[in-house]
Every structure is written in structure tokens, then in C-alpha cells.
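S.K.: For this one, chain H is given, so just place chain R on it according to the hints.
Residue numbers (the working numbering), protein chains in the order written: chain H, 1 to 304; chain R, 1001 to 1303.
None of the hints are false.
FRET-style restraints, in silico, Cβ to Cβ:
# : chain 1 : residue 1 : chain 2 : residue 2 : range
1 : R       : 1192      : H       : 297       : 18 to 24 angstroms
2 : H       : 132       : R       : 1173      : 44 to 50 angstroms
3 : H       : 133       : R       : 1014      : 38 to 44 angstroms
4 : H       : 297       : R       : 1182      : 18 to 24 angstroms
5 : H       : 138       : R       : 1007      : 57 to 63 angstroms
As a list, the in silico DSBU-like pairs of lysine-lysine whose alpha-carbon atoms are at most 30 angstroms apart:
# : chain 1 : residue 1 : chain 2 : residue 2
6 : R       : 1187      : H       : 107
7 : R       : 1266      : R       : 1147
8 : R       : 1299      : H       : 107
9 : R       : 1290      : H       : 99
These are computed hints drawn from the structure, not numbers from a lab.
Nothing here was measured: the structure is a model prediction, and the numbers come from that model.
We put the CB at the ideal spot given by N, CA and C, even for glycine.
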Amino acid sequence: MKKFFNWKILFSLMLIAVAIFRPYAFFYGLQRGSLYSLIALPLALILGIVGLLNLAHGDFLTLGMYMGYVIFNQFHFDPIISMIFIGPFLFLIGFAVYKLTIERVLKSHHLNLLLITFGISITLVELVNVFWTSRPRNIYVPYATRSINILGISVGAYEFLYVVAAILILLAIMFILKKTRFGQAAFAVGQNPKGAAIVGINVKLVYTITFSLATAMTAISAALMMPRVSIFPNVGGPFTMKSFCLTAMAGLGNLPGILISGITLGIVEAIVQSIPGYSGWSDLVFFGVLILVIALRAYRRAER
Amino acid sequence: MRKVLLIIGILVFVTFLPMFADMYLIHVASSIMLFMCLALSWDMMLRTGQLSFGTAGFFGLGAYAAVIAVDDFAITPIMSIFIGAIFAAIVALGVGIAVLKLREMYFAITTLALSSVFLVLARNLSDLTGGAAGKVLFNAIFDGDPKKTYWLIMVFTLLVIGISEIFQRTRIRYAISSIRNDELVAKSSGINIFKYLLIVFIITSAIQGAAGAIYAQQYAFVEPESTFSANFLLLPIAMALVGGIHSTLGPIVGAIILGFASEYLKLLMPYGHLIIYGIIIILVIIFLRKGVYGTIVDKIRSN
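With the rest of the complex left out, here is chain H:
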């Protein structure tokens, strides 16, 4: 407990230091990091409850963004409002993908599971590529480019939505897992599927709903990202790896940890990007941390 306390102080001290010395990196990193966490939460949920690392996670995000693009172009709905259409759409896609493919191999070897999500990922990216070509698409809404002044620094105002959304989603997931019947069942399944089946929980149903719900959840990040990024077939791909990195860093089942790791890595990335001449290296931050954290974890497990 004492160790945890010290760690918290260290984290806050780091935040304050960055906020003073590199305010731009602080705000930009906070926003980016929240977005990373927002995308990582559903992945962590699937990994924790179904025990499946979904390599197609980022591609569901891509699919959601293209769906939003179509809605925006055809019906001129605001991207954020289009969330209520993308959500159910992704829910159905997730449901279909789960029932058609993943459920059939759930009992076989872990590597088969990993490979099948890899196959799904490739199929989704290429389908998007065939339908919409690889030309980047953009959505313009005037409010997304507004900026505000904080203590003499001008930062994008829209991106603070990521921070708000990440915190809200985290609280919502925690609430569902702790307070609702389904959430408690899902939690039990995540802990011990066999035991959960013995006490009468429908494990199959819990897996299906968890996967579909988590897929639907990417609609939120898709809708929020749309006005600020170019939409192209591989836009979501890198987020799969980043999400897994955050999950590995926080540890399985530690949902608040994902937000903290996300913000930390977001800020570190922003600092690297702010060093002139070295901005191209910021991609290595996540991979470096991924390899380091996983390796350290593995050594600790080996020692035990």
C-alpha cells in the first residue's frame, strides 16, 4: 500500500514538472493519452473477460469512422451525434464476427485465436480499401478547430472531449462491472470461466455480449476522432498495438491504470515530438515501453 502511495506522488510530480517546463507537450499529451486510453478500454475488457487479444480492434475503429463519414456525407449528421448510429452498427458487426469466427475456435489453441483475429484484421482493412479506396477522407466541422487560451498557451479545445470521454467511459465500465447483474457475471467469467459455468452463468452469452459491446464502444472514439484525423484504411491499425501496450503496462484487469498509463505515454510521446529533429522517433516510445514492460513482467514471473 505504501509503495502505491509513493508511486502516485511520483506521477503527480511528473505531471506538474511537465506542465511547468513543457506546457504544450503537457496538454497535447494529456489529450492524446486520453484518446489512447479511450480506445484501449474496450480492448482491455475483451482481453480481461474473454481472454482474447483482438488484433482487429483498431480496424473496427476504422470501420466506425468510415460509417460516420458516410453518415456525414449522405445525411449531414454531426459526427458526434452519428455516434448513436455507429454504435449499434458496430455492435452488429462485432456480434456477427464473433459468432461466425471467434466462437468456433474459442476452445482450441490460443495461437489459433490470435491468428484468426489477425485474419479478421487483414480482411477488414482490405474490404475498406476496396470499398472506399486508400484516398484519405476528411470531415470538416467548424467547432473542431477552435482553440482556447490556458495561462497564455493556446491549445485545441475540441480535444478536451477525449479527456472527458475517457473518464466517463472508465466510470461507466467500472459501474457496470461492479453494480449490474451482467457486469458481475462478466467479472466472474473473467476470473474463472469454469467456476462461473458451475454456478449457472451462461458463459457463452457473456462472451458474446462482452465482445459485441466492446466493439460497439469503439464507436465513441471513432465519432470523436473523425473531425480531427484523416480517415484512411489503416487509420485504426496502429491503435491496436498502442492499446495492447497500455493494457500490458497497466496489468490485466486494472482499468484505471489504463487511463494513467495512457496519459503518461501520451505525454512522453508529446515530449519526444517536441524535440526538433527527433519527432520521427516518437513512434518508438510505445514499442520501447511495450518491450520493456512485458520483459520486466516476464522476468518477475520467472523469478517467482
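M.R.: For chain R alone, coordinates are given in the frame of chain H:
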């Protein structure tokens, strides 16, 4: 006896293929054999129970090492293939010590990340690698003679098939398959798991590096996005799965089937042919667990 005659027949046919085939067929056959090597090397790693997504990464590493060796250090093209293999092996040794303690999901995702790390390095070390624009090879192998390149690739493929057979027939096979089946049992019977995993990882990475070097010699050009392309990861995996994993003949059969199919598909649909590979991977995992070769072997045995 019949088996030996069949093998000799195939060998003679493959050796004399460039004498009567046209350029297009020679090119297709060369690229199929190169992918066959990648598929075999991926399968060799899988035989230990570890799923590696690093194939494309080591492939690109070998390609870059070969081009830099020829351009910046004036090494002859043939030697540069060895340089590609050795460089990939050295990197695999360093990486392997760090990541081979990991298992399953964690190993797979870390090797997947490795490819991206190499890609970022290739893009950013622009003094050495030419950055995002890529690097052109000044002195291609055999002055770009496709027939000689074909024979080179053929010899390399035979070598890889030989290594795969050694893995299947000698003592190392027992170590590898016992690690795959139950690591705890393997450990308690005195097998140094880490040592064997490292050996297999280094050898397969060296094969991938050499394949990358040959590919770079063939096309005389490296560029981050295409050299580290997911193609070099995806196609070998699909080939090995279609043919049948955990065997030598499986990936060979798969490479021949998918190799010709992919040439045809490329002509048919230039942009979306990767969808087919994705769907093939999914379908094979769901319905054809043992692949084409594995299923045939099972049928013959049950009769």
C-alpha cells in the same frame, strides 16, 4: 524407392525450368520459392509453440543490410546475402534473449511490434538507409540475370528445406515438440528450453534475413513501407496454414497452391487480393485445422 525417384524427378524439372520457361514463369517460380522459404521458417518457429509475427521485420532487416553492404561497404552482391543473414541472426540473438522469456500472446505481440520498430529505424536513420525515399542498389546480383537468380533462389530453397528436415529428423525435433506440447514436462526432463528456443529463433531469423537480401538483390531497391510490408508476413502464414503446419511438406504444398493462386488473383483484382488471404486464414483455422497436406495424410492413414 518410388519416393526417391519422384523427388529426383521434381528436382530435375525445377533445375531445368529456366531452359524452356518464359521470363514470366521464371519470375513467378522465383518468388514462390522465396515465399516458400519464409513460410518454412515461420513454421519452424511455430513448431516450438511460439507464434512469431516478426517474419516481415527480419526480412526487411536482411534486405536493408544487403543493400547497405553493397552500396556503402563495396561488398560483392553474393556476399551481401550472407551479410543479410548474419545481421538478422545477430539482431535475433539480442532480441531473442530479451523476448524469448515471453510466451504465446506476449511473444506474438512483441514480435509484431519489432517489425514496426525496424520500420521506424529504417525511416529515421536516413543517412544510412535513405529514409522514407528508400535506397537503390548500384550493383545487382549477376547484373540482374533472372535465370542465374532463379538458380540461386533454388539452391537457397533446397538449403532451407534441408534445415527444416534436420529440425524434423534429428534429436532437436524431440526437444522442439516437447516444448510445444508441455513446457513443464520438457523442463523437468532436463531440456534447456531457452537454449533451444534461441537456436530456432536465430536460425529462422537468419533464413528470413537471407530471403530479404535475395529479394533486395532481385529488385535492386529497398524502401521502408514496401520492404517491411505485411505481405511478407501474411502470405507465408497463409501458405503454411493452407499446406499444413508442423511439417516440411505442408508449407511447400501451401506455397505452391497459394503462390500460383496469388499470381492469378493479382491479375484478377489488383487492389483487394489481400482480402482473399485474410479469408483463407480465417477459413483454414475454422474448417481445415491441419491444412491440405495434413488432411491428405490423415485420410491416407485412416484408410
